[in-house]
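S.K.: Work out the full structure, taking the sequences as your base and the hints as a guide.
Residue numbers for the sequence shown follow full-length UniProt numbering, so the first one is 1 and each next one is one higher.
The hints are simulated quantities; they were obtained by calculation from the structure and are not laboratory data.
Keeping only pairs whose Cα atoms sit at most 20 Å apart, straight-line, the calculated EDC-like set for lysine to aspartate or glutamate is:
#1 K33 / E43
#2 K33 / E71
#3 K33 / E63
#4 K51 / E63
#5 K46 / D56
#6 K51 / D17
#7 K46 / D17
#8 K46 / E71
#9 K24 / D56
#10 K91 / E71
#11 K51 / D25
#12 K33 / E66
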Amino acid sequence: MTTRQRAALRAMANTIDPVLHIGKDGISDNLVKQAWDALEARELIKATVQKNAPMDAREACAELCERVHAEPVQVIGSRFVIYRQARENSKIRLEDL
Numbered sequence: 001m002t003t004r005q006r007a008a009l010r011a012m013a014n015t016i017d018p019v020l021h022i023g024k025d026g027i028s029d030n031l032v033k034q035a036w037d038a039l040e041a042r043e044l045i046k047a048t049v050q051k052n053a054p055m056d057a058r059e060a061c062a063e064l065c066e067r068v069h070a071e072p073v074q075v076i077g078s079r080f081v082i083y084r085q086a087r088e089n090s091k092i093r094l095e096d097l
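M.R.: Shown next, in the form of structure tokens:
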């Protein structure tokens, strides 16, 4: 992913609300399934790490990206944004950005 593509994805992520909330259980199998399904539907998702979570946002982003085969886009404070192109009916194509 180039810096121009990442900047375009960051701009798109400004208007979306977090769809994942990582709490005291950390990144469980259930959360990974939710993230997978959300990425298939939306391709670009935002997540929030709660104060009682066992990890910070950067660690959570890295682990979640590894488990769902996604690309990290941005980490700010307790929120992060990840991207993965959908297998079918892709709306956001990196080649077009």
